[in-house]
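Below, each chain spelled out in residue letters.
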Amino acid sequence: MSAAKRKLVVIGNGMAPGRMLEHVLEADPDRFDITIFNAEPRVNYNRLMLSPVLSGEKTYEDILTHDDDWYETHGITLHKSARVETIDRDAKTVTSANGITASYDDLVIATGSSPIIIPLPGHDLDGVLTYRDLDDVERMIEASNTKQHAVVIGGGLLGLEAAAGLKMQGLDVSVIHLAPTLMERQLDAAAGHLLEKAFVDRDIKVFTGANTKEITGADGVVTGVLLDDGTQLAADIVCMAVGIRPAVDLAKAVGLETERGIVVSDDMRTSDPTIFALGECVQHRGQCYGLVAPLYEMAKTIADNLLEGESLYEGSVTATKLKVTGVDLYSAGDFAEGENREEIVLRDAQAGIYKRLVLEEDRIVGAVLYGETSDGPWFFDMLKKRTDISEMRDTLIFGQSFQGGAPLDPMAAVAALPDDAEICGCNGVCKSTITGAITSKGLTDLDDVRAHTKASSSCGTCTGLVEQLMAITLGDSYDPNAVKPMCGCTDLSHDDVRRLIKAKALKTIPDVMQELEWKTSNGCAKCRPALNYYLVADWPDEYADDYQSRFINERAHANIQKDGTYSVVPRMWGGMTSSSELRAIADVVDKFDIPAVKVTGGQRIDLLGIEKDDLPAVWADLGDAGFVSGQAYAKGLRTVKTCVGTNWCRFGTQDSTGLGIRIEKFMWGSWTPAKVKMAVSGCPRNCAEATCKDVGIICTEAGFEIHFAGAAGLDIKGTEVLGQVTTEDEALEYVVALTQMYREQGHYLERIYKWAKRIGLDEIRRQIMDDHVARKRYFDAFVFSQKFAQVDPWAERVSGADKHEFNPMNVLQLEAAE
Amino acid sequence: MNVMAGNWVAIGQLSDIPRLGSRRVIIGDLKLAIFRTSDDNIYALEDRCPHKNGPLSQGIIHDGCVTCPLHNWVIALDTGQAQGADEGKVQTFPMRVDAETLMLDVSALPSVTGA
Numbered sequence: 001m002s003a004a005k006r007k008l009v010v011i012g013n014g015m016a017p018g019r020m021l022e023h024v025l026e027a028d029p030d031r032f033d034i035t036i037f038n039a040e041p042r043v044n045y046n047r048l049m050l051s052p053v054l055s056g057e058k059t060y061e062d063i064l065t066h067d068d069d070w071y072e073t074h075g076i077t078l079h080k081s082a083r084v085e086t087i088d089r090d091a092k093t094v095t096s097a098n099g100i101t102a103s104y105d106d107l108v109i110a111t112g113s114s115p116i117i118i119p120l121p122g123h124d125l126d127g128v129l130t131y132r133d134l135d136d137v138e139r140m141i142e143a144s145n146t147k148q149h150a151v152v153i154g155g156g157l158l159g160l161e162a163a164a165g166l167k168m169q170g171l172d173v174s175v176i177h178l179a180p181t182l183m184e185r186q187l188d189a190a191a192g193h194l195l196e197k198a199f200v201d202r203d204i205k206v207f208t209g210a211n212t213k214e215i216t217g218a219d220g221v222v223t224g225v226l227l228d229d230g231t232q233l234a235a236d237i238v239c240m241a242v243g244i245r246p247a248v249d250l251a252k253a254v255g256l257e258t259e260r261g262i263v264v265s266d267d268m269r270t271s272d273p274t275i276f277a278l279g280e281c282v283q284h285r286g287q288c289y290g291l292v293a294p295l296y297e298m299a300k301t302i303a304d305n306l307l308e309g310e311s312l313y314e315g316s317v318t319a320t321k322l323k324v325t326g327v328d329l330y331s332a333g334d335f336a337e338g339e340n341r342e343e344i345v346l347r348d349a350q351a352g353i354y355k356r357l358v359l360e361e362d363r364i365v366g367a368v369l370y371g372e373t374s375d376g377p378w379f380f381d382m383l384k385k386r387t388d389i390s391e392m393r394d395t396l397i398f399g400q401s402f403q404g405g406a407p408l409d410p411m412a413a414v415a416a417l418p419d420d421a422e423i424c425g426c427n428g429v430c431k432s433t434i435t436g437a438i439t440s441k442g443l444t445d446l447d448d449v450r451a452h453t454k455a456s457s458s459c460g461t462c463t464g465l466v467e468q469l470m471a472i473t474l475g476d477s478y479d480p481n482a483v484k485p486m487c488g489c490t491d492l493s494h495d496d497v498r499r500l501i502k503a504k505a506l507k508t509i510p511d512v513m514q515e516l517e518w519k520t521s522n523g524c525a526k527c528r529p530a531l532n533y534y535l536v537a538d539w540p541d542e543y544a545d546d547y548q549s550r551f552i553n554e555r556a557h558a559n560i561q562k563d564g565t566y567s568v569v570p571r572m573w574g575g576m577t578s579s580s581e582l583r584a585i586a587d588v589v590d591k592f593d594i595p596a597v598k599v600t601g602g603q604r605i606d607l608l609g610i611e612k613d614d615l616p617a618v619w620a621d622l623g624d625a626g627f628v629s630g631q632a633y634a635k636g637l638r639t640v641k642t643c644v645g646t647n648w649c650r651f652g653t654q655d656s657t658g659l660g661i662r663i664e665k666f667m668w669g670s671w672t673p674a675k676v677k678m679a680v681s682g683c684p685r686n687c688a689e690a691t692c693k694d695v696g697i698i699c700t701e702a703g704f705e706i707h708f709a710g711a712a713g714l715d716i717k718g719t720e721v722l723g724q725v726t727t728e729d730e731a732l733e734y735v736v737a738l739t740q741m742y743r744e745q746g747h748y749l750e751r752i753y754k755w756a757k758r759i760g761l762d763e764i765r766r767q768i769m770d771d772h773v774a775r776k777r778y779f780d781a782f783v784f785s786q787k788f789a790q791v792d793p794w795a796e797r798v799s800g801a802d803k804h805e806f807n808p809m810n811v812l813q814l815e816a817a818e
Numbered sequence: 001m002n003v004m005a006g007n008w009v010a011i012g013q014l015s016d017i018p019r020l021g022s023r024r025v026i027i028g029d030l031k032l033a034i035f036r037t038s039d040d041n042i043y044a045l046e047d048r049c050p051h052k053n054g055p056l057s058q059g060i061i062h063d064g065c066v067t068c069p070l071h072n073w074v075i076a077l078d079t080g081q082a083q084g085a086d087e088g089k090v091q092t093f094p095m096r097v098d099a100e101t102l103m104l105d106v107s108a109l110p111s112v113t114g115a
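Protein sequences, first through last, are from chains A and B.
Just so we're aligned: 376 in my numbering is position 376 of the first sequence, and the numbers increase by one with no gaps anywhere.
Just so we're aligned: 36 in my numbering is position 36 of the second sequence, and the numbers increase by one with no gaps anywhere.
Keep in mind the hints are simulated off the structure, nothing from the lab.
Here the structure is a predicted model, which means the values were calculated and not measured.
In this text, a Cβ means the ideal position worked out from N, Cα and C, and glycines have one as well.
There could be a bad hint or two in this list.
Simulated crosslink set (EDC-like; lysine to aspartate or glutamate; CA at most 16 Å straight-line) [claimed, not checked]:
| id | chain 1 | residue 1 | chain 2 | residue 2 |
| --- | --- | --- | --- | --- |
| 1 | A | K441 | B | E87 |
| 2 | A | K80 | A | D135 |
| 3 | A | K454 | B | E46 |
| 4 | B | K52 | A | D563 |
| 5 | B | K52 | A | D68 |
| 6 | A | K519 | B | D63 |
| 7 | A | K526 | B | D63 |
| 8 | A | K252 | A | D272 |
| 9 | A | K803 | B | D16 |
| 10 | A | K454 | B | E87 |
According to the in silico footprint, chain A covers these stretches of chain B (three or more CB under 8 Å from chain A) [stated by the list, open to error]:
| id | segment |
| --- | --- |
| 11 | 15-21 |
| 12 | 24-36 |
| 13 | 56-64 |
| 14 | 69-79 |
If we strip away everything but chain B, and leave its shape as in the complex, we get (with noise of 0.2 Å):
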């Protein structure tokens, strides 16, 4: 069920995500990636790498930022920005935790509802 409230949808539970791990959120074509780090902060990102495109959701996660499976870069987790020498930035969306339940802000997306 998805709760909505605002332009908040629910989209799992806290506990679907291990610690240090990562799920896939499909919308549409948008493809998301939500992150649980290892203090329990959730982030969502666009499952794509801005160097190749590679999908950040199978990278591994440490220290707020997650490693790119396919070539390597390192991405921050609250920003989306690209870390070290490489440059480029990955989309953001804000993400809320309500008691158990995982809360994304869809507000920048066409309409969403539940499924």
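Next comes chain A alone, as it looks inside the complex (with noise of 0.2 Å):
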């Protein structure tokens, strides 16, 4: 360890330090002791996906930027929940509320920015919100679970994000804005009122020009909202989201300059030389930014002059884009009229497209596009550079591809623009790079270029740009909707390989790989499991299992947890148990010491936290019980779950939890291109849940109502119908044959619900409702498969089988020291 080292302490912990400490790192990572001091419990997460965690498109794991081990593996300190009170510029130390002082050579304050909460007559009430952090966003998705009206104050880009999250989670949404048009700061008013009229299509109710009275409330909890006008609207929340303040308390209770923000030099000091100021709280050339772009580009200048560079940041020009999912909007520049201004604009009703540039002296000074946004970043690019636009300007308006009479095509549009072009705005990358890491990576697919550039890897609006820019860059060895192959060990797809494997009657991984002339020697991770699962289902009398060729879960018949360690859920038969049962599994958490126990949604017992050794023991024990495996670890049958039907439910119509047994008895053990989970509902009200379901079944008087191609896991999908039949026997019949047809077709971890919507739901429903033949050999050819499946893999390893997986090769012992 060299003592040498700089001592560099950030207050503060959001996008801007995030992505400071990340070049810093990157030049040089061991020239700082880091030390950070953040107000909130968390690591770094990013803040512009706020809007689709509230509308439940993400969650905040999905948004962590930087998690507890990115700070552990580069040394740097964490204080969460440390709101720094004070700092003592002669001693150079900072101290927090919570009594921890550092000492520092370098100090960066990026202490960012709070909302604005306007001092209204009851803007204390309990249930008035603001929309800045995690905090806010988890309070109003708990809001949405109970309350109904929800009005949001402030029309602008965050108060807009918001309401549209708020009515996704269900809520009837108000916005109430003080200026005639929405977002008057970006948009111009025709732009403003297209989106107004978007907003109220999506059956949100807008109130522009509108001024808040007063927030109603009894009991100290807000009821409604009071306007000037008298109209009182109903709120059982209200989010204040009028705009923000920079938080400069602290930078100016220790006596640096501040006016509405920290004021920064053009290398980012403040008033100490010793100090740097980044982010939201910092006032620039008498600009405050609140939009990502501009904050990363101080934080580069920052990490460059913290190294001993001479950066300067010289300001930004900024560009708005409104993330509401099927709301296309970009804004750039000033667009206010002016003596010397003219402007260009484009409108089509029809298409709901409008588009104006502002020019000044022949240079684009601003624009607006809405319903059509592709060229954007062109505009912004000429903006920036204050290109001469005279020689094209009667054609201007209609974008980049028109421009010296080239048909209209996006590619060309995006093929003309410049290296330096920012594409993706929110981590400053621009085309040359991108471009250059496609040729020189060989990267082929989106989430590779994602990886090595992080374009398109934030708020994911400049995802188009980029797969256009793959387009060019690759030509025609790139199609996003082409066929993509199995994995890199071969060009063939999964529909190709599937087909040959009956083809060649090809029967084990090897043959595959040799007649399919595969380019690796043994495959990868992907193609291996997908292989062997296409000879188990095309071949189960005559294919040897290939064990190596399994995920682990399957090999070890458990399910693999993040530290290695091991869960077990034995087979409850339609989600019924016994109190030997019961008994049976706690006397198994007692002996094995199992740490956690929880009941799954599958309508079964989870136990978790079991060493690998002790599987086999464990299983033992189960099945002295009568238990077999749940197979809850597979790509196959996992779980049938059912209500009670006839047997006690007053509505019930059918003995739906007999049916369930009946449909796991039969189907349990057989494996699937994925996971397959099932239900049966005793009558409509449907409390097995089985409209979500791979495949469900409703009861009614009349008989079964075969619902499949749901789901309820990354994707929320309602299922379709298949059809009616009128006995148990059919229902299991239409069910196994339905399934059988999935297994012959299904790409290996390809759902139900995205294989259904690739062949087509009539077909399917002419194969299995209509075609009796094809649905007869689909049944048989699943039982015929039955006979080689149905082994508890739990007791075949207790008797011995793969010893090897569950015990150490060897223990050596470490000599005593001396």
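Fit chain to chain and form the complex, with the hints in mind.
Below is the structure:
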């Protein structure tokens, strides 16, 4: 350890300081001892993505930028929930409210901003929120579970994203905005009206030119909002999103120069040259910024100056996109009317398109695009560079691809962008960085480009542009809709491989790889499990399962957890259990000191945190009590969830429990392309939630309605109706036939709903409901394959199979130290 | 029985590990994953992925690499280096096969006796 490391202290842990540290660590990982004080109790996350979290399109984990490990790996000390209270500029130390003191050689203040709360009567009532951090989002999501009416005060960028998110959470939403049109700082009146219409179309009420007089309440809880004109709106939650104010209190208290923000010079130093300020708390050349791109530019400048560079930040021109799904809006620069200013406007009412460019001395100074925004970056690029547009003025508004008379082709527009044109505003990635990475690293899919360049990995609005760049750079070899090869080991698609396995009667993995000219000697972790499944499904009696080609869960017959322990789920047929089963589970938990026991969503019990070496003994005890593997780890039949049906329920129309158990006993052990979850509900009240399962049955007085292709995971999708049958025997037969059709056609890891979308619902209905010969063939094929599949894997291993899997090969002793 | 030979210690037989398979060897607090490739090369790596400490011994082995079971990082068995866009390295330990006996070089470790 070198004693000469400089001590760098950062106050605040938002996106801007996060980016600054990335730059510093990349340039010189050993230069600094880094300490961060964060007032929030969290690691660094992508604040741009709060809206998708609110709307339910993403989770907190999805938007983490640095997790705990990142700080540990880089030796950074992160104090969470530690708000810095004072800075001693003479002693060069900072001290937090919870009593932590750290000394610094270099200090960066990045305290961000706080939401403005208008001191209206009632602003302190319970239920009045702001929209700024994850706590706010969590409170809104929680409110949406129990509340009905939401009022958002503020129709700017944040307010509208909050309104759209709350609407998607199912609330009735009104937006109150003081100015006559929405987002008046970024949009002109015409675009503001189009935007208002888009929100009204989503059933969000918009009140423009409206001033809030009072937030009304009862018993300290918000009940409504009263406007100046007397309008009374009901509200269970009120979200104030009227703007942000740079957080300057700390800087001001220790005597740094502050105005609206903390004043910095071009090198980003405050009035104390050992202290930098960064982010939304900064005022630079009279300007405060709230968008991420300028903050990242500041971060880069500071990082360089910390490393003894001499970078200067010269201010930013910003462009804005609204992150509301389905609304395309782009605005940049200044679009006020004025002397010497001219404008070019294009309207297409039919298509809902509005474009306006503001020119001054033959240069673009402002651009507003609504409905069709693909030329935004091109206009923005010319705006920043002050390009003379007099040559193309007549056709400028038609966009880049129109110039030079070329046909209107979005690809041409992207191709014509200069190398230094910014593609990803969030991460500051320019065109040549992306095309360079594609060429030099041989990248062929979007995820690889994201991994290597970070482009399109934050808010995602530039994904289309990145894909177009890939298409241009890779030429004909890139087609986002092209049939994708299974993996890098072959050029053949899943369909091709499945067809050729049958046509050429290939019956082992080495045969497949040889005959189909695999490019690697043993395949990879993507294709081997897929091939193993295809061979098991196609040749159930002849194929010898390839153990080493199965994912660990299917080798160890348990689910691997993050710490390398396993979880075990015994089968509970149809979700039914008994006192003796529960007693046996309790005994196993005690005997093996199992740390966690959880009831699953599939109506059974999960035992978590079991050491791998203990698995066979755990299974032996469970087996003695009559349990078999629940195959909760398998790409196969998982659970058949049931309700109590006619056995107990006063509304039940059929024996749904009995049918569920019958289906589970018939189908357990079968391997499928991806996991299969089923359910049987005894009446249309649907207590077993059958309408979001891979296969579901709704019992009615008249018989059984068979559903399929639902999803309730990454995607949420209600089921489709396959058809009606009248007897239990038929219900079983049709469900089995459907599953077999999927087993024969599905791509590995493709759930039923995706397979159904690819094949077509009508085709599936035709083969299963109408074509009696086909249905019979599928049913028989399934029954045949079950002869080889219905062996309890736990019992097999208890009696000695795959012993090597569960024991270490050797345990060596350390000699005792003298 | 473990045969000491310089810094080499016997940890098992070739036949103890299936082809394209892995076994664990535990030395005090250190967990090792011993891999056997399709052409019977043997490699010893610390049983800990540089990403999130996943047990590499539980991964799928293919073409001189293992794919971590937790988040699909691919680690080269000979160098311990993460492949593709991921960056990180696992500690590797020299191995050799004497006749059918697997020998591990423990010179980088604190004193070890056979078990």
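Structure-based check of all given hints:
Between K441/A and E87/B the alpha-carbon distance is near 15 Å, which keeps this suggested pair within the 16 Å criterion. The hinted pair formed by K80/A and D135/A meets the criterion: a straight-line CA distance of about 15 Å does not exceed 16 Å. The suggested pairing of K454/A with E46/B is violated, with an alpha-carbon distance near 30 Å, which exceeds 16 Å. Distance hint between K52/B and D563/A is fulfilled; the C-alpha atoms sit about 9 Å from each other, no more than 16 Å.
A distance of roughly 11 Å separates the Cα atoms of K52/B and D68/A; the hinted pair therefore holds under the 16 Å criterion. Straight-line distance between C-alpha atoms of K519/A and D63/B comes to about 11 Å, which keeps the hinted pair within the 16 Å bound. Using a Cα cut-off of 16 Å, the hinted pair K526/A and D63/B holds, with the two alpha carbons roughly 13 Å apart. Under the criterion of a C-alpha separation no larger than 16 Å, the hint pairing K252/A with D272/A is consistent with the structure, at around 12 Å.
The suggested pairing of K803/A with D16/B holds, with an alpha-carbon distance near 10 Å, which does not exceed 16 Å. A threshold of 16 Å between alpha carbons decides the hint, and for K454/A with E87/B the separation of about 15 Å falls inside it, so the pair holds. Given a C-beta distance limit of less than 8 Å, the hint that chain A covers the segment 15-21 of chain B holds, as 6 residues qualify and 3 suffice. Coverage of a stretch by a chain is defined here by at least three residues with a beta carbon nearer than 8 Å to that chain's beta carbons; for the segment 24-36 of chain B and chain A the count is 6, and the condition holds.
Only residues whose beta carbon comes within less than 8 Å of a beta carbon in chain A count, and the segment 56-64 of chain B has 6; three or more means the coverage holds. Counting residues of the segment 69-79 of chain B whose beta-carbon sits less than 8 Å from any beta-carbon of chain A gives 4, enough to reach three: the coverage restraint holds.
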